[in-house]
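Asker: Residue numbers (this note's numbering), protein chains in the order written: chain A, 480 to 898; chain B, 480 to 898.
Honestly, the hints are just simulated from the structure, not real lab data.
It is possible that part of the hints are untrue.
Which copy is meant is left open, because identical chains are indistinguishable; a pair holds if it fits in one copy or across any two.
[As the list claims (entries may be wrong)] Once the Cα atoms are required to be at most 35 angstroms apart in a straight line, the calculated DSBU-like pairs of lysine-lysine come out as:
| id | residue 1 | residue 2 |
| --- | --- | --- |
| 1 | 522 | 493 |
| 2 | 837 | 542 |
| 3 | 803 | 788 |
| 4 | 550 | 493 |
| 5 | 816 | 542 |
| 6 | 542 | 635 |
| 7 | 788 | 493 |
| 8 | 743 | 837 |
| 9 | 743 | 635 |
| 10 | 487 | 676 |
| 11 | 651 | 754 |
| 12 | 803 | 816 |
| 13 | 788 | 502 |
Protein chains: 2
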Amino acid sequence: MRLVAVSKIENPQKYLSLRNDYKSHIIVQAIMTGGIVPDEVQKKLSEEGWTRTGYTLCFDCMKGRSDLIAKPPVGAFLEDIASFFGGEQAQHTFGCRAAQFAVMKTASEMTREDGESKFAPVVLADPLCHYTTALAAEAAGLQLTEPPHIGHPEYKVEAEGFRQKIEEIRRKTGKLPCLVMVTHVDPYHGNVGPAEKVGVIAEEYGVPYMINAAYTAGVMPVDMRDFKADFLTVSAHKSMASLGPLGFLVTRGEWVEKVFRCSKIVAEGTGRTWKNKILNVFGCSIGGVPLISSMYAFPYVIERVKKWKTELEKTQWFIQQIEKIEGVRLMGEKPHKHHLMHFETPVFWEISQHHKRKGFFLADEMISRGIVGLQRGLTKNIKLSLYGLGWDEVKRVRDSFYEVVDRYVKEFKLDYNVP
Amino acid sequence: MRLVAVSKIENPQKYLSLRNDYKSHIIVQAIMTGGIVPDEVQKKLSEEGWTRTGYTLCFDCMKGRSDLIAKPPVGAFLEDIASFFGGEQAQHTFGCRAAQFAVMKTASEMTREDGESKFAPVVLADPLCHYTTALAAEAAGLQLTEPPHIGHPEYKVEAEGFRQKIEEIRRKTGKLPCLVMVTHVDPYHGNVGPAEKVGVIAEEYGVPYMINAAYTAGVMPVDMRDFKADFLTVSAHKSMASLGPLGFLVTRGEWVEKVFRCSKIVAEGTGRTWKNKILNVFGCSIGGVPLISSMYAFPYVIERVKKWKTELEKTQWFIQQIEKIEGVRLMGEKPHKHHLMHFETPVFWEISQHHKRKGFFLADEMISRGIVGLQRGLTKNIKLSLYGLGWDEVKRVRDSFYEVVDRYVKEFKLDYNVP
Numbered sequence: 480m481r482l483v484a485v486s487k488i489e490n491p492q493k494y495l496s497l498r499n500d501y502k503s504h505i506i507v508q509a510i511m512t513g514g515i516v517p518d519e520v521q522k523k524l525s526e527e528g529w530t531r532t533g534y535t536l537c538f539d540c541m542k543g544r545s546d547l548i549a550k551p552p553v554g555a556f557l558e559d560i561a562s563f564f565g566g567e568q569a570q571h572t573f574g575c576r577a578a579q580f581a582v583m584k585t586a587s588e589m590t591r592e593d594g595e596s597k598f599a600p601v602v603l604a605d606p607l608c609h610y611t612t613a614l615a616a617e618a619a620g621l622q623l624t625e626p627p628h629i630g631h632p633e634y635k636v637e638a639e640g641f642r643q644k645i646e647e648i649r650r651k652t653g654k655l656p657c658l659v660m661v662t663h664v665d666p667y668h669g670n671v672g673p674a675e676k677v678g679v680i681a682e683e684y685g686v687p688y689m690i691n692a693a694y695t696a697g698v699m700p701v702d703m704r705d706f707k708a709d710f711l712t713v714s715a716h717k718s719m720a721s722l723g724p725l726g727f728l729v730t731r732g733e734w735v736e737k738v739f740r741c742s743k744i745v746a747e748g749t750g751r752t753w754k755n756k757i758l759n760v761f762g763c764s765i766g767g768v769p770l771i772s773s774m775y776a777f778p779y780v781i782e783r784v785k786k787w788k789t790e791l792e793k794t795q796w797f798i799q800q801i802e803k804i805e806g807v808r809l810m811g812e813k814p815h816k817h818h819l820m821h822f823e824t825p826v827f828w829e830i831s832q833h834h835k836r837k838g839f840f841l842a843d844e845m846i847s848r849g850i851v852g853l854q855r856g857l858t859k860n861i862k863l864s865l866y867g868l869g870w871d872e873v874k875r876v877r878d879s880f881y882e883v884v885d886r887y888v889k890e891f892k893l894d895y896n897v898p
Numbered sequence: 480m481r482l483v484a485v486s487k488i489e490n491p492q493k494y495l496s497l498r499n500d501y502k503s504h505i506i507v508q509a510i511m512t513g514g515i516v517p518d519e520v521q522k523k524l525s526e527e528g529w530t531r532t533g534y535t536l537c538f539d540c541m542k543g544r545s546d547l548i549a550k551p552p553v554g555a556f557l558e559d560i561a562s563f564f565g566g567e568q569a570q571h572t573f574g575c576r577a578a579q580f581a582v583m584k585t586a587s588e589m590t591r592e593d594g595e596s597k598f599a600p601v602v603l604a605d606p607l608c609h610y611t612t613a614l615a616a617e618a619a620g621l622q623l624t625e626p627p628h629i630g631h632p633e634y635k636v637e638a639e640g641f642r643q644k645i646e647e648i649r650r651k652t653g654k655l656p657c658l659v660m661v662t663h664v665d666p667y668h669g670n671v672g673p674a675e676k677v678g679v680i681a682e683e684y685g686v687p688y689m690i691n692a693a694y695t696a697g698v699m700p701v702d703m704r705d706f707k708a709d710f711l712t713v714s715a716h717k718s719m720a721s722l723g724p725l726g727f728l729v730t731r732g733e734w735v736e737k738v739f740r741c742s743k744i745v746a747e748g749t750g751r752t753w754k755n756k757i758l759n760v761f762g763c764s765i766g767g768v769p770l771i772s773s774m775y776a777f778p779y780v781i782e783r784v785k786k787w788k789t790e791l792e793k794t795q796w797f798i799q800q801i802e803k804i805e806g807v808r809l810m811g812e813k814p815h816k817h818h819l820m821h822f823e824t825p826v827f828w829e830i831s832q833h834h835k836r837k838g839f840f841l842a843d844e845m846i847s848r849g850i851v852g853l854q855r856g857l858t859k860n861i862k863l864s865l866y867g868l869g870w871d872e873v874k875r876v877r878d879s880f881y882e883v884v885d886r887y888v889k890e891f892k893l894d895y896n897v898p
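I would like the entire structure built from these sequences, with the hints used as guidance.
Answerer: Encoded structure:
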């Protein structure tokens, strides 16, 4: 044994001085707002010592699987999660991406049934799906195909495009896609996808159907039965007020047994088997402090989805306010039905052409005003969310944008009308 | 949209009252002791507000990949991790199980190269490998085969068995195993596997070689070059004083490009690609508060591996002390070279036959003495670790075992010599 490598690390003490510069900022980053952990939950995590050890919830694990732990009540919690989203069984996963992968793997297995499968190794996904959907398909050895969206500026997706694509796949391969999926609300524009209508089509063709609710489950009411969905994938750190990485996979009917099937491998040699470990969640997904945070946050989440209409009012008010800046325009559907907002902001781009910090000026200006979450360097388009902020904070964000635009339109003598 | 499901959840407020009964206990659970987070780190996580949001380290993400984040210095940290373990590149993963899966997938891909591959879809693993190794193989569509161990009570594994198995696979399939792996220290007895010697054999045959260092990397000096290993898999929540779920995959040479290759999928429809996302870590493994905890803990980890000899002294002293109880015997190799200890404890089994709490009496008794981590219900064999405890605590654990055995041998008039 040698210790050479250690000596190559320059000043490891630097990691001890790691600071969070944004601990008191208003967060407007679109992937973060739904994952902000309530103050009371943060306090409990610390006070109860849940950050003391990696396997923090495993003290009373009896069966080597986190979902079967009764103290803390992980098993009961997963039943509640399934019920909350209209499913029959849920497992916690390493994020929504891992949940999607479990589904893709299950779909992939169907294409190989005795070589007589009616399913082709193709996933039909909406054209605004998140990259994790594409990578889950790739990791499971599946191709990805998409119907069109209507393009700029609304980017809507029509359900009929899915039917046409299914027919096209059938003409080409003689088979059906092994999975149809819709991103409940997309990560680019915050559009609500045609989840209900595609559910009817998927049912008609007898194709398994997945909804990726990473941006919705936990912020607005989501019931997978409304979509006739077989699988619902959820991101706890995106939309359930939880630490990450954590997601949930919720399913029902015949899929419970399939997607959550236990290991079948036999170690040729010792003959060992692991028949109680769930293959598609790596045996057990540990959970750790993210899962504890999610349990504490669940009562808040249940309450907050009831206030979704109020959240939308804030979003819609903000859109109307920010569009008063000349040239600023919301991308995606109008009226907007989700807290994720994406704007074209030509005025900020023009300012960036004059500013010594170039495109970085905008995020800098907002940070200096106590608001964090705009993508650094971007000015032509911005994405943000005000989910969960109070009206005073929403107004402060609006005012900050107004101040910045006002300051630089004057300073650089630009020809823009500002509110 | 409907809200029916919500009404089915009985008393969600119960999750708010979740308590950690063990926050002040001495932890002796073998999978936990290496993952105990230093007090100062826990304090910083809370004080710096790192538990405020799910994507806590993503504020300054510029490229959509956590490993490229400069603030906090995730990129630099991964370089230090690679260097610390004698590798060239590291990625953080959703635990060691996900790191193993990434390796298995890469190995699996090699078996399919143009149908002309010299590798069979078979992993050759040591017969004491952890279940996550078997499940990673299964998930990647690989078979698992093992050389023998020498059996009770030492369970040692000889390197030559690997050579014999490679030859056997070659006779049967005309090909080589696509991966050879050794569990650096096994999870059952804490035996140090023949990692160096098998490395020589793997190199001789030209077979990729993985070391699972889940129980060692971060508690004792580990340099993958000593094993001639291509892959090192690490568990941060098991052995790097970190919150979970978090692991690392460290690699070198040609494998850097292969195992960390980026996505190639093209979405047929929009034509979208994701060429900057690493396929085998789901694009980006998020990290979250576990990764922050791991960065804070790293300076401690660097220091503590230097004190490994002292830790072993505690372990060896404890073994000698506890074996003074009649019939108690260490399983696995002697002298013992790892903190994980597994004992046969017939006296506790006999007590359980008389005790009204049956096999649960032992964990109960220890918990009532402020010591947590014995598997509830087990008495014939026990597993524990005293890693990181002070001598006063080590002695308290010893004394507690003595007290329990003394009490019940007298109470039930058993014929056992006790110290």
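Asker: Look at each hint and say if it fits the structure.
Answerer: Hints versus structure:
Within a single copy, residue 522 and residue 493 get their C-alpha atoms as close as 27 angstroms, and across copies as close as 17 angstroms, so both meet the 35 angstroms cut-off. Within a single copy, residue 837 and residue 542 get their C-alpha atoms only as close as 57 angstroms, which misses the 35 angstroms cut-off; across copies the closest is 18 angstroms, which meets it. Taking CA atoms no more than 35 angstroms apart as the test, residue 803 paired with residue 788 passes inside one copy only; the shortest distance there is 23 angstroms, against 69 angstroms between copies. Taking CA atoms no more than 35 angstroms apart as the test, residue 550 paired with residue 493 passes between copies only; the shortest distance there is 13 angstroms, against 38 angstroms inside one copy.
For the homomeric pair residue 816 and residue 542, the shortest alpha-carbon distance between copies (28 angstroms) is at most 35 angstroms, but the shortest distance inside one copy (44 angstroms) is not. Taking the shortest alpha-carbon separations for residue 542 and residue 635, only the inter-copy value of 27 angstroms comes in at or below 35 angstroms, while the best intra-copy value is 47 angstroms. Proximity of residue 788 to residue 493 under the C-alpha cut-off of 35 angstroms is restricted to the inter-copy arrangement: shortest distance 26 angstroms between copies versus 46 angstroms within a copy. Taking the shortest Cα distances, residue 743 and residue 837 sit within 35 angstroms of each other only across copies (33 angstroms), while inside one copy they are farther apart (57 angstroms).
In this homomeric assembly, residue 743 and residue 635 come within 35 angstroms of each other (Cα to Cα) only across copies, at 26 angstroms, whereas the closest approach inside a single copy is 43 angstroms. When the C-alpha separation of residue 487 and residue 676 is checked against a cutoff of 35 angstroms, the pair qualifies only between copies, where the shortest distance is 27 angstroms, while the shortest distance within a copy is 58 angstroms. Proximity of residue 651 to residue 754 under the C-alpha cut-off of 35 angstroms is restricted to the inter-copy arrangement: shortest distance 27 angstroms between copies versus 39 angstroms within a copy. In this assembly of identical chains, residue 803 and residue 816 lie within 35 angstroms of each other by CA distance solely inside one copy; the values are 20 angstroms within and 70 angstroms between copies.
Taking CA atoms no more than 35 angstroms apart as the test, residue 788 paired with residue 502 passes inside one copy only; the shortest distance there is 28 angstroms, against 40 angstroms between copies.
The structure is consistent with each of the numbered hints, conforming to all of them.
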